[in-house]
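Q: Starting from the known structure of chain F, arrange chain Z on it as the hints suggest.
Sequences listed follow chains F and Z, in order. To convert, note that position 279 of the first sequence is 279 in the numbering used here; the numbers rise steadily by one, no gaps. To convert, note that position 206 of the second sequence is 206 in the numbering used here; the numbers rise steadily by one, no gaps.
Rather than coming from a laboratory, the hints here were simulated on the basis of the structure. On a predicted model such as this, the values are computed, not experimentally measured, just so you know. Heads up, a few of these hints could be off.
The list treats identical chains as interchangeable, and a pair is accepted whether it falls inside one copy or across any two copies.
[Unchecked claim] With a straight-line Cα cutoff of 25 Å, these simulated SDA-like cross-link-like pairs (lysine to any residue) come out:
{"id": "1", "residue 1": "LYS172", "residue 2": "GLY208"}
{"id": "2", "residue 1": "LYS33", "residue 2": "SER320"}
{"id": "3", "residue 1": "LYS146", "residue 2": "ARG237"}
{"id": "4", "residue 1": "LYS33", "residue 2": "VAL319"}
{"id": "5", "residue 1": "LYS146", "residue 2": "GLU45"}
{"id": "6", "residue 1": "LYS33", "residue 2": "HIS93"}
{"id": "7", "residue 1": "LYS217", "residue 2": "ALA149"}
{"id": "8", "residue 1": "LYS241", "residue 2": "VAL268"}
{"id": "9", "residue 1": "LYS172", "residue 2": "HIS227"}
{"id": "10", "residue 1": "LYS241", "residue 2": "MET35"}
{"id": "11", "residue 1": "LYS241", "residue 2": "SER124"}
{"id": "12", "residue 1": "LYS168", "residue 2": "SER34"}
{"id": "13", "residue 1": "LYS172", "residue 2": "GLY251"}
Number of protein chains: 2
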Amino acid sequence: MSPDFDVLTIGNAIVDILSPAEEDMLVRLGVTKSMMRLIDAEEAERIYDMMGPAVEASGGSAANTAAGVASFGGRAAYIGKVAMDAFGDVFSHDIRSQGVHFETRPLFDGAPTARCMILITPDSERTMNTYLGACHHLTVDDIEEKTVAAARYTYLEGFLWDPPEAKKAFRKAADIAHAHGRLASITLSDSFCVDRFRAEFLDLMRSGTVDLVFANKEEAKALYETHDLETAVACLRRDCKAAAVTLGGDGALAFDGDELVSAPASEVEELVDMTGAGDQFAAGFLYARSRDLTLAEATRLGCLAGGECVGHIGPRPAVSLSQLARDVGVKLPVGEQWAEALPKI
Amino acid sequence: MSPDFDVLTIGNAIVDILSPAEEDMLVRLGVTKSMMRLIDAEEAERIYDMMGPAVEASGGSAANTAAGVASFGGRAAYIGKVAMDAFGDVFSHDIRSQGVHFETRPLFDGAPTARCMILITPDSERTMNTYLGACHHLTVDDIEEKTVAAARYTYLEGFLWDPPEAKKAFRKAADIAHAHGRLASITLSDSFCVDRFRAEFLDLMRSGTVDLVFANKEEAKALYETHDLETAVACLRRDCKAAAVTLGGDGALAFDGDELVSAPASEVEELVDMTGAGDQFAAGFLYARSRDLTLAEATRLGCLAGGECVGHIGPRPAVSLSQLARDVGVKLPVGEQWAEALPKI
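One chain only, chain F, in its complex shape:
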């Protein structure tokens, strides 16, 4: 029997609040450009007061990836915790209406839905300030065995290591996946996140708890505390069976066992907002692998989805990725197609 889902992703369920910002605002806030930092409710209020007019859009790294998989026509599921509030409604609506299976029970009483205040500087970089709120209440009880068992790939975000309970949920999900002969994958998420959890991430890889690792070049270098990308990739090849490393304007490389491939970056008319580019790379890659496309094809689809994402504001596809793939001559696998109607924002 083929699995019910191509990809299940698990992560922090977050609504993004996106606003342009000048470089000096980062200085005034005392934040480092391009990083994700965690903030408490009070700091969230302080930053919001300093931000300019914003727009809101559903985000959350792994949720963005699930949306991307669905946009390719893949069968996607998502697990993450929102609260019963307006932002929770927005998050739930957006992911479900993209065709993603999302049934995690919302938090009834307690912290509000998580939000991430994203400052977009004129160089299109995004600096993220995340108040995790309800995400702290994702627990092992939210990991349903049947959903994990039904997914060819389970994909977990490294950010899940921040809320203490979610880390246990992460391990449970990986265990279930393997018990059912499925594959578990992880994104390292952010180089500060790697700094916080280096030993644990390396252990996940070396112990075989994860079968496939996603990283950008900064995260890969941070993991091995090296300034040299080649060294980092060599270490990755030693520590895990398969990985994909995104290289920004230089595209991406990926390996699976002895096979090593690379793909150039997609041509992008205008670099507008880098938010979500890595998430969408993972979407293309995972979708392709779950449908038995080659490693090279998967890397190419990843670059295609990542390139689409940086051309507009917001972390999820603004066009149908399956249509985009057809437009550039990629033959997608035939299969049950979900959610062909897609957002163009």
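A: Relative to chain F, chain Z alone:
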């Protein structure tokens, strides 16, 4: 003493939920394209369930205009009613951080902040479904004499005729404005809105309750139940001292007493979303008139702001309108400049 505000706008305080939609969705919903219709909480839920993934951005016609005035560097104030909820926070944040004075007391207990579900069809037209919620609780008590007295122009949206109490607030504001030698203006808002309140709108004009009228060509024709624009404009000239009529791709015309001018539409690279184009036309026009620019200059600035608005998703300026005006060679009046830092979304 010069007034503290160039423009005070009063309207329904709304957060927009924007999503692309195919033509057939309008048919399934039974809605007429390009119109604004009012819906109740139950219908709001039904439509949201049918909508695709969306983004959220502050809206509300008159609020968009206030944001546009501030973006030109004008001193703007706004009166409108939100609730104490997440969408209310979003609305308040966005308008204040644009530099608009907004101190209307929020509704503590009752209906939620208003929302407008906007379906954007591939032809860039927007079809609006508005749940007014807290807007029903805007009353005469929210109209502070000192704020109205301090504004050179008070601008009222025709949509205020829908919530019954707001209509009284509208009249009170116009009366205060005139008592202090200021000017009152109105936008007819929507041709269905004109159908609902034709007699009252004509009375406002003929009685001199409003000194300046904004309409698009459909609204002008609807007001006089004619298919002929020239007839409608001739009637407008008979019934009110001054008016500005937007003509879509043909720009706009305006008159003030015997003077009649027109301006071509701004060149627009790509028509993305018509939402807010009329609101931004009013912003440019009112800002110019409040700073004693000529009628022709005001019409040109209106077209400039309207043209900027249709080039991106969302009803408020995505760039600094004062910068845009300088870029195209318009010399803006010198004066206190508010809110030079502006959103680029």
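Q: Next step is simple, just say for each hint if it's right about the structure.
A: Structure-based check of each hint:
1. LYS172 / GLY208: within (14 Å within a copy, 72 Å between copies)
2. LYS33 / SER320: For LYS33 and SER320, the Cα distance is within 25 Å only across copies (24 Å; inside one copy 30 Å).
3. LYS146 / ARG237: Neither: 32 Å inside a copy, 71 Å across copies.
4. LYS33 / VAL319: The answer is between: 22 Å across copies meets 25 Å, while 28 Å in one copy does not.
5. LYS146 / GLU45: neither (39 Å within a copy, 30 Å between copies)
6. LYS33 / HIS93: Between copies, since 23 Å is at most 25 Å while 31 Å is not.
7. LYS217 / ALA149: neither (31 Å within a copy, 59 Å between copies)
8. LYS241 / VAL268: Result: close neither inside a copy nor across copies, 31 Å intra and 51 Å inter.
9. LYS172 / HIS227: Intra 34 Å, inter 68 Å, cutoff 25 Å: neither.
10. LYS241 / MET35: neither (28 Å within a copy, 56 Å between copies)
11. LYS241 / SER124: neither (33 Å within a copy, 48 Å between copies)
12. LYS168 / SER34: neither (28 Å within a copy, 50 Å between copies)
13. LYS172 / GLY251: Neither, since 33 Å and 62 Å both go past 25 Å.
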